[in-house]
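Grab the two chains, each in its own frame, and use the hints to assemble them into the complex.
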Amino acid sequence: MIAGPPDGRELGARLRGRDLTVAPAVLNLVENRAQEARRQTEILMAAVSPAALGAEAPAHIVGVTGPPGVGKSSLVARLVAQWRAQERSVAVLAVDPTSRRSGGALLGDRARIEVDAADRGVFVRSTAAGDRLGGLAPATRAAAGALAAAFDLVVIETVGVGQSETDVADLADTVAVVVQPGSGDVLQFLKSGIMEVPDVLVVTKADLGQVAERAMADLAAALSALGSPDTQVLAVSSIAPTSGIDALVEAIDAHRAAIDLPARRLRARRMHALAEFAAEHGERGVRALGGRRAARRWLAEQDPGLDVSTLQRALQTLSAGGRP
Amino acid sequence: MMRTYAGHSDAERSNELYRRNLEKGQTGLSVAFDLPTQTGYDPDHELARGEVGKVGVSIAHVGDMRTLLDDIPLDQMNTSMTINATAAWLLALYIVAAEEQGVPKEKLQGTTQNDILKEYLSRGTYAFPPAPSMRLIADTIAYTVEHVPKWNPINICSYHLQEAGATPVQEIAFAMSNAIAVLDSVRERVPEPLMAEVFGRISFFVNAGVRFIEEHAKLRAMSQLWEQLGHERYSVRDEKLSRFRYGVQVNSLGLTEAQPENNVYRIALEALAVTLGRDARARAIQLPAWNEALGLPRPWDQQWSLRLQQVLAYETDLLEYPDVFEGSKVMEGLVAELVQGASAEMQRVTDLGGAVRAVDYMKSQLVESHRERWRRIEAHELTIVGMNRFTTTEPSPLTGDADGGILVVDPAVEAQRRRALDQWRSTRDGAAVDTALRELARVAAADSENIMPATIAAARAGATTGEWSQTLREVFGEYRAPTGVGTAAAVSSEDVSELAEEVDRLSEALGRRLKFLVGKPGLDGHSNGAEQIAVRARDAGMDVVYEGIRLTPAQIANSASQEGVHVIGLSILSGSHAELIPAVLRALRESGAGDVPVVVGGIIPEADADALRAAGVAAVYTPKDWDLNRMMRDIIALVGERRDAPAAARA
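So the protein sequences, as listed, match chains A and B. If you count by our numbering, then the first sequence holds residues 1 to 324, one letter each, in order. If you count by our numbering, then the second sequence holds residues 325 to 975, one letter each, in order.
Bear in mind the hints are in silico, worked out from the structure with no lab data behind them. Quantities reported herein were computed from a predicted structural model and do not represent experimental measurements. Any given hint could turn out to be false.
Stated by the list, open to error - To give an idea of the chain A side of the interface with chain B (calculated C-beta under 7 Å), a few residues:
(1) R16
(2) L20
(3) P24
(4) R33
(5) A105
(6) L106
(7) A117
(8) F123
(9) A128
(10) L187
(11) R284
(12) V286
(13) A288
(14) G290
(15) G291
Note that CB positions come from ideal geometry on N, CA and C, so glycine has one too.
Bound conformation, chain B alone (with noise of 0.2 Å):
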């Protein structure tokens, strides 16, 4: 099957955006959320500020999904939903609409992304404590599998593991922790005879990064293990259910904003690991555009993917063969390696109590892996071709246009998609919406009710997506995930030795240790680049704050204002930064911290990084900024520069 993950503004417009795909000969539809819609509040939301239909399309009610789903065929159709704290409500408002279509929720084939561990380990759009979050997923598994039968109620995701830094082993380990943890919860809600079904149903999304051998390899072993664990854990005598599923997207860790073009080899290298062996090849595959790094993909840039796909499907042999790696000793070797290595690991975690319980040491190993990682890019062991070697470069025909090569969301989405939110809520039944949340509500108490009937009558008496959430916000509580930069490993001391001299003289000049805080503002859960800049900030020897993700302007300056930092770091990889960076440095002024100095780091095209400048921001990083010593450096001399000229002799 062959898809592209898409979606952005309103419902309207990526409806259009489907139908000229499906056009083109996609064959399924991957629908990307906004960030709101994904961790649960309404356009009009303070944290959506600046988010709202940004990374996605933004859903608020059911209207919204019958505009986003017009005229393309339900039955026919197989989507898949990236979507996870919410997903039991996303799932309830594509079945309503299908239904409104007047398809039964029996025939709709597709995926709901449903994966929180990976979301407070990784990806950060989670919105409910460990525990309900588990149920919630054990809920709507429990339900698809009576109700939705083709339905895939939950992709455990690898692929989010690697973006944080995780090595093939904990990439495995982690995720077969993961599925064991919801096939355990899934236990407690149905009938053991259902069990094998229920194993026949997870499905997997994977990862795969330009070391195609070793990752073609991964593949293998987690199809060996997955079967292991359906015939010894959960009995799956039926060689159908217990089979490895897994779709992919390949990796957009190793792309590069330096010399974006040679990512489209990347790309092209990296499918070969998730295909080339018909004994581990993926069911479904998007591939990420060419030049995420920079922003977002256009839709030309989609289907410049989507043509990978084809030619590799329609005129390589690929598919003529059977398994080309069958018999062969390197592959058997790596794949041996791989599986022991990930059983050792899966021990650890059910060692420490399952992946619920171990979710902060599996998040402090990936910090940890990820610093390795760059300390090895820093170091100049590990090549990134255009980035830390031969980064001599022609000036590049496809980022000069006039949008510098990505797709910018029109800024008035915003505003109307508040007001139209502000109409929905005045034209429906205010007292069916509030019976329904009421009983949703009660529902959400009693852990011995399946969510699932309650969500489906709230969608369809038009209750949004910020009402279901708060609902169950209030019965279930919120939960910050672990940062996992607490107990990360020092880089060794002769990598940072100049700069925490550095740091300590200046700390001497202004009498006190110099104190850095990092920020995360808006709904942006990708907190890996901001985790690594606080471990290395506390290993040059700075006192650093890092209060995690999904912070308000209001927070941040509050934060800084009460800490008495010297400098702020803030990252944004959501392209929100052109409405909340400026909202910070607003608060900043407001709480009277409107001195301290200010950073940026993101996906932050250069037209912006003008912008930003301009507004006050000190300096602004982008991924080509892949030194981190250097950023630290930058960092100590801002905050040098502006002792030397107090705020009051500066103009």
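Only chain A is shown next, with the shape it has when bound in the complex (with noise of 0.2 Å):
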């Protein structure tokens, strides 16, 4: 990280060839936005594109969001164990949602997801969160994508309900949506369409007992009149005596193998393709797209074949008044 960039045709076939061990070097480098670090992050996700790879990136990439406080990173800890126990490789991506003062920020999540040192199967990253509270970085994205190619599993942790756990939602095959029982603020999102039904919503601290069987059933009371009757809703503890988490596993799983996974991913691939192009042209060029949304719509007409990098060209050949 010191001596030049690595090589990212060199990493893109070590991520294939399931070398865990290169993880800290891919974050390096997708998250260094110097010009030649960028150069090499774009082979690196053309080597670990589904053209390279021949299909999807093996690995289930997976969202865990949810308020403040409610318990994810012990949750995110937990998980990590049943999947070490299931001998599956794990790498989390932490965002850390502490706004940033004076471009510093503390990352203390990784504090909180308490993981075996010697255990070569698990990778956690802390990150900053992005311009926005809860959103993406675009590294963050990119390192997805890329450790999607060499990991069992990718989890994202953020913080946000609302807006922002839609980043997350773009990004992720499955979304785990936590909240803890007492608390109305989801249920209210939920209700009035702030939000997005989640995939997955977990319940924590459902050692509480009755409240957490109260905000269970009101929750998938919720769920059932907004016609979602299928979206599990699961109660775990994190907490010593544990429970919950077998039934979380599963139902992540299963929600995996029910999706149509190739469409997820581009719809991944484009939006992290909007999200690198907002993160060096900013909301003025955003603006010359015609906005958000109709750069969406842009992104969802153009050939699903075509990778992050292409499309983030489309974009600035777009913004600047060319045709693509």
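The structure is reproduced here in structure tokens:
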């Protein structure tokens, strides 16, 4: 990381060979905004694209999101332990919500995701959030896309309910929204349509008993009223004695088996291209595209085979008034 | 009562030290345990590495306790044990050792510190999550009130809150809130008529800073609030039971490494804070040694502190008058102000659901206060003589000795302790230990039973400190306390704007934001310094990874590598740097992060600093490096240099 950016092609090849030790170097590269590093990132992303892999990247990309203080990190720690018990490798990208003050951030999530330091099958990286609260930095999208070629699971942990969880929904195959009993905000967001219906709803602190049961009943009723009675609502307890973790792992697996994965991944790549473009050209650039909504519409019409950097270049041409 | 906080290495050497101190006129014992004993690890546990016998004595089983108390008449002794997470266990060992001396538990006098909330907030030697920890405390209180009636089962500590940066108002309010949480837990476990007796057994351990007039007012305010609490919340009618009783260790936070001889004056003035007015006078006083900021005090340093107390007590007229502040308008005004501020803050904690639930809030408030104190020192708004003002000094004859003016624990102790433990395990009745631990696990899981009888049985059977704790960890789970740094306010931007520009420039050159790992290896829980560094680095624009205390070298290396940090700062105050820092460097090399520069901060004697630098540490900071911005500039420069001279090009 200190001596020049690593070679994107080599990193890509090692990821394709499912070499997990390369994860730190991959993150160091995709987070690097210097010109040469970004060129190498493009090469890396092409090297792990479906075209290069011959299929979608094998990992299950799982988003875990919810309001602050509901116990997301403890839950992720339990999930990681469970996945490791099944001998599945896990990469966790913990996006810290701390708004940057004078550019700095305190990345504290790692402390709460306790893992065995000697276990090479687990990778945890904390990253600062993007420009919006709970929004994902382009590097996080690239990291998820790249690590998905090597790990069995890639978890993106973010804070937020409402607008901000759509970012992670754009990126993940399965989104688990975590809520704690007794807090009505998620219910309100669901009812008012501010929040998209998550793939899995997790009620933490199941040890609270009755309160947790009531919360589950309320959520199930709301989902039913919204016409999504199939969304699973699960209760877990992440602190000793733990409960409900097995069922949650099964529910997450079941969701992945039921979705149209290529369609989700395609959307993720398109949104990644847009995020890259926005990071580079700012809101002014997005306006030149006719706004986010128009840009999404335009992206939806493009060739499904295009990779992220090609799409991003196309957006650039478009914003400059040219034809892609 | 006069004591000095003492103990180091093993039980045998500490026993010798105690007997010598008793001969010098000390009237009680104050036992310092090492960090593995305090956090429930045996000397052969990975986390114990470098810590065995360092900051206190290592006690792994009843045999050690027996040796520690050999030839000390426990029926006459008043013994204070600074022990918290494992208090129930050490009390059990003490009870069994006394029983072997033929002293029944009804006669035992002393104190277990046994205050877990301040461990989460400041001191860091916790072992279990909050709820089961509170249950252990409630159980020891319920047990002693009935069976060890002269024992003080808990010392609510406001001491460490001040060390963590608490203002007087916060110190009062958080300590009182903590006491309420403890009393309310006990209330669930004893018959209501016993509550007055329980209230009477609760004592406090407070701090006294150098602003000794205000500090004295603080103690009067605490007295007043405590009595009020007794009457109103717990219906205590007996005046004797509602009295505010406290012991004190005067402030260490304000002791300086620069011109350490000045600390003698500070300690003397702080001692006045807790003795001047009879109505709020301490019952037991411990004075720190003048050279605490340098390393472990030697017996002579401790003697010097004891002599100060003796001069105060026997030469001055301090003890000859009734309360000298009675009727003082200034004192009354100060007290009223503190009572009012503290009451408001106590209400805030109550609103958050009580002290156990408000740990996050209180921790972030302390980090914030400490940050403000540090800002004032740096801005020269707060004068610390010899440190940020009047810094010119003649060479000190006091620190010029060959040993640098501190005690160094023999590094062979750790290996000896491991061997002794092996031997203990091989000669005890293993089946009896297993049975006792199984019973302990059963009682732990059955919330309704008191943990003490099973704990005493395990002590008698020969179980070890690590086994007792591990049994409970398996039932209760483990816990990491909040770091409090997430919500700390930023320093006003002018203070760091230049730094922030430097960080921006360097980050630009690096391609991504300068990333800094602040790590606390080992069992040392004194995280105040590390927290302030982390907050300042964030304010200066760095991405900071801070995982809190108690990390193994392997964990730190793993984090550094996975997080892709550009620089690492390690903080150790427990004296275990000589073992732990090289271990971290080794682990970094093994995980492929050997290139990442490492700086170290802590109570590190100069000779050790040289050795650390020789081992590859880029810079060593000690308490005399109080200017955090300067430290930040060094760190930025360090990363810049390493970047310009990539690893491959270096020799």
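Structure-based check of each hint:
1. R16: For R16 (chain A), the interface hint is violated, since the closest Cβ of chain B sits about 21 Å away, which is over 7 Å.
2. L20: L20 (chain A) check fails; min Cβ-Cβ to chain B is 11 Å, beyond 7 Å.
3. P24: holds, 5 Å
4. R33: holds, 6 Å
5. A105: holds, 5 Å
6. L106: holds, 5 Å
7. A117: Hint holds; A117 (chain A) Cβ to chain B Cβ min 4 Å, cut 7 Å.
8. F123: Holds, because the Cβ-Cβ distance from F123 (chain A) to chain B comes to roughly 6 Å (cut-off 7 Å).
9. A128: holds, 6 Å
10. L187: Nearest chain B Cβ about 22 Å off; hint violated.
11. R284: violated, 21 Å
12. V286: violated, 23 Å
13. A288: Interface hint status for A288 (chain A): violated (25 Å vs cutoff 7 Å).
14. G290: violated, 31 Å
15. G291: Cβ of G291 (chain A) sits 29 Å from chain B, so the hint is violated.
Consistency note: the structure conflicts with the earlier hints numbered 1, 2, 10, 11, 12, 13, 14, 15.
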